[in-house]
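S.K.: So you can see what is in the structure, the chains are spelled out below.
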Amino acid sequence: MADFCMPSLGADMKTGILVEWHVQPGDRLKRGDIIADVETDKGIMEVEVFEDCIIDEILTQPNTEVPVGTTIAKLHSAIGQESSATSAQMIVQNGQQAAQGTKELVLETQPGVPSTLESQPIASIPPPSAEPSESQRLKISPLARKLAAELSIDLNQVKGTGYAGAIQAQDIQAVALARTQKQAQISPEVEPAEAVAIASPATVQPQLRTEFQTRMRRAIATAMSRSNRDIPHYYLETQIDMSRPLQWLAKENQMRSLKDRILLIVLLLKATATALTDVPELNGYWLNDNLQVEEAIHIGFAISLRQGGLVTPAIHHADLKNLDELMMTMRDLIERTRGGKLRSSELTDSTVTVTSLGELGVQKVFGVIYPPQVALIGFGKITEQPWADQGMLDIRPILSVTLAGDHRATDGIVGTRFLQRLDFHLQAIAQP
Amino acid sequence: MNSSEEKIHSTVIILLHKIAPEADLNKLLNHSDIRQTLGIDSFDFLNFTISISDTFNISIPEDDYGKLVSLADIIQYIKNQNPQFS
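As they're listed, the protein sequences go chains A and B. Following this note's numbering, the numbering of the first sequence begins with 1 at its first residue and continues without gaps. Following this note's numbering, the numbering of the second sequence begins with 1 at its first residue and continues without gaps.
There could be a bad hint or two in this list.
[What the hints assert, rightly or not] Examples of chain A residues lying across from chain B (beta carbon under 8 Å, computed):
(1) 250
(2) 253
(3) 359
Derived by calculation from the structure, the hints in this document are not laboratory data. Every residue gets a Cβ at the ideal spot worked out from N, C-alpha and C, and that includes glycine.
Extracted from the complex, chain A is given alone in its bound form (with noise of 0.2 Å):
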């Protein structure tokens, strides 16, 4: 039998909201299954099952607010008992490692965002018992120990939410949370066993949906502040004559039905894709005082949303994908952003951020990275511009392409590479 625990989709997130259930006891979910609904500062997400399972036990209500880690149904692995004991799979999200010898079948919070860097997967460890006698070594990150000791938190209080059940910093943090919110409503001293009672299950008011924005503001606030504190950022810029490539999208949408015409940041975002093959040293995470270049291109759309906030789901495998898929994942990508229905591995796969203000009017892009990645591509408008071309000038509509880089990952130098080989992978597409 296996804890299903409500995860964490964000360095930031402290508590999420079970707005509804995919299933019921009995059913038997395969991995990559949707479980739940889960509202959170960034919006409903669909949670996915990581692992073959059948459901034991529902143990939340629908629309209840939950801190991360609380465990709200009970499965049991589908694969056969033997296999939940010793060699569950685990699959983790950004597909970097599977933990062996893990019991319980826990989600991966998002892969490095900072405050979880230090949870890497302790496969020679045990499984946790419901009890840790003192011979057993605690399973916790480093970090969440030094935030504990900092913060005075009795670590047999913390359910941690990592890999087997490691604790991490964040979920140190959720405690203190709990522990501050418990403090200024009842009394200035509190020990934290109680302080953990107040985050404990409590039915969604109203007022928590219009509180949606404020929340969503302080997760942009977390993510951004850790940014610009953490990464040294260096930025390049270079423009590109979108002559060809407006003339052959020009042409190709002339043979196409509205419905099937392809827009111009899907040639972008392709040319973006490719050209991280070439420079895959901008895909990737900068985790534990390393660069770890990431093999499958996930690019996060940054998608901005009327009544205010920003959402960068995943575009999975866009190097692997042709205009017309683009396009269709894109379109089914923010129509269920705008919707509020992301699943929760789109909202944490992301290798590299992609934001395009150009639509809107802007010339230029100077972009902050979101960490734990280490680029942010950022595509400006399309302007008429003099240009001078083999002693020619001429006037050519002329696209401004930033790039924001962690100097810590990379050097000017590879970003120049990239964007490089991004104008020509874009006159490229235009080559009949």
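Fit chain B to the given chain A structure using the hints.
M.R.: Showing chain B alone in chain A's frame:
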């Protein structure tokens, strides 16, 4: 606005609301730039043109996107393309 224009107007407003339910349509005047005023991106705009095309039974070549800036433009465009609505 005559009665046929009013009909087109109210239908276009309904279509816009479907594309951008969270946008404040009260801000939209007859000659305002729809995309700027409501924050309509290229995907929304594509969906919007598809719905106009389907509803009013007209084809909209990409070159004509520039003729679809404001509500007044769109009403005029629909009238020109499909005499049934003029």
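S.K.: Are the hints correct? Go through all of them and say.
M.R.: Status of the hints after comparison with the structure:
1. The criterion of a C-beta within 8 Å of any C-beta in chain B is met by residue 250 of chain A, whose closest approach is roughly 7 Å, and the hint holds.
2. With a cut of 8 Å, the hint placing residue 253 of chain A at the interface with chain B holds, because the nearest CB-to-CB distance is about 5 Å.
3. Restraint check, residue 359 of chain A versus chain B: the minimum CB separation of about 6 Å is within 8 Å; hint holds.
Figure legend: structure checked against the earlier numbered hints; every hint is met.
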